[in-house]
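Chains as they are written, first to last, in the working numbering: chain A, 1 to 288; chain B, 1 to 68.
There may be inaccurate statements among the hints.
Pulled a few chain A residues facing chain B out of the computed Cβ check, cut under 7 Å [stated by the list, open to error]:
id, residue
1, 79
2, 80
3, 114
4, 140
5, 196
6, 199
If you want the ones that stay clear, here's a sample from chain B, every Cβ over 12 Å from chain A, calculated [to be verified]:
id, residue
7, 16
8, 19
9, 20
10, 21
11, 42
12, 54
13, 61
14, 63
Bear in mind the hints are in silico, worked out from the structure with no lab data behind them.
C-beta: ideal position from N, C-alpha, C; glycine also.
One letter stands for each residue in the lines below.
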Amino acid sequence: QTTPDSIQRQVWDGKLPVCFVLPEDPDVPPLYSLVPRVGYFPALLDRLRAHLSRHAGIDEDSPGAQQLWLRSAGRPLRWHLPVGLLYDLERPKPPPLPWEVEIRTRDFPTDELVSFGPNNSLESYFLYCLKEADALKHRARVINEMGEREHRQLWQGLLNDQFDQFSVVNRKLMEGEAKYLPFRIYQQGADGGLSVLQCLAKPHREDSTPLTLSDLLRICLPNFTDPVTLATHGVSLPMETPLAWAYDKLAYPDNFLHLVLQPGRCNSAGDGESSAMQLDSSRILTVI
Amino acid sequence: MGRRPFPTSRLGQRFVKKALKCQPDESLFLYVNQAFLPAPDRDFGGLYDCFGADGKLTLHYCKTQAWG
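Construct all of the structure, not just a fragment, from the sequences and the given hints.
Listed below in structure tokens is the structure:
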């Protein structure tokens, strides 16, 4: 199931080169980092604070360092969302790489950003995502049967980029028949506002055939007629892709399939061989 | 289960805090299905669609972490 070249492994390994800059002090050298797409920016806060302490004379305990936040293209980065999703949401199109992200030490936008303080609150948040996903899939039975040690292992596996450590526990959450599939559809508005859609979707239609992404759009956006594409991890998915297949292969470690809604039609008919079931790992690799 | 603080949730801060007459600096934790805290960008409509029943969305609130 989880061979090194499997799609799940490649999704896990996807990274984005990020260049963190401090606009308020241009003499401070940028910090370059290869950040996992499936990870979270707040996990880097300690590194960013250490960088500022060393190069900008900003003490790690100072209010500026403690109230640190991140901005891209003039907007706060909603850092409770995975890094890759944030990149894929950038409008009008994903920024050139390395992705330049600004570090800010003042005016924390409390109205727009979640504040991840000390005491493992990012870990807490991640676990709540898993609980919600399991509530949809298994009425939270599987995650509640796990002990604290296994919960911890999921987080540590993600934090330390240990796919095997993560997967051995996550497998239990991902296997078996799901009642509803956890997904979210995002649409970034031109005004900077973000729409998030989440509703109930079963793996199968009434006639037991697999529910496709087309079906999903009809459920979530019943009156929507414009041609659109759903993309995840930077890859556009053919609309005939079964949701259950996409979920199994492309869900983030938080156990959600995060889909970005984009205008225009996915050109899945580009070559005769491509179809939903053949969305192979090589195609994902070239995009990631 | 150890106690784990949760980041501020706009959902909790605004409407519900007012309804419960909380002080602005008091923490408020809202739980769905007595199991999880909803993500910060969730709206009540979406939560109801997924977790509501019989025309109601039941949320449990607590000023400290409950189901951590």
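Here is what the structure says about each hint:
{"no.": "1", "hint": "79", "verdict": "violated (10 Å)"}
{"no.": "2", "hint": "80", "verdict": "holds (6 Å)"}
{"no.": "3", "hint": "114", "verdict": "holds (4 Å)"}
{"no.": "4", "hint": "140", "verdict": "holds (5 Å)"}
{"no.": "5", "hint": "196", "verdict": "holds (5 Å)"}
{"no.": "6", "hint": "199", "verdict": "holds (5 Å)"}
{"no.": "7", "hint": "16", "verdict": "holds (16 Å)"}
{"no.": "8", "hint": "19", "verdict": "holds (19 Å)"}
{"no.": "9", "hint": "20", "verdict": "holds (20 Å)"}
{"no.": "10", "hint": "21", "verdict": "holds (21 Å)"}
{"no.": "11", "hint": "42", "verdict": "violated (7 Å)"}
{"no.": "12", "hint": "54", "verdict": "holds (15 Å)"}
{"no.": "13", "hint": "61", "verdict": "holds (15 Å)"}
{"no.": "14", "hint": "63", "verdict": "holds (16 Å)"}
Hint check: violations occur at hints 1, 11; the rest are consistent with the structure.
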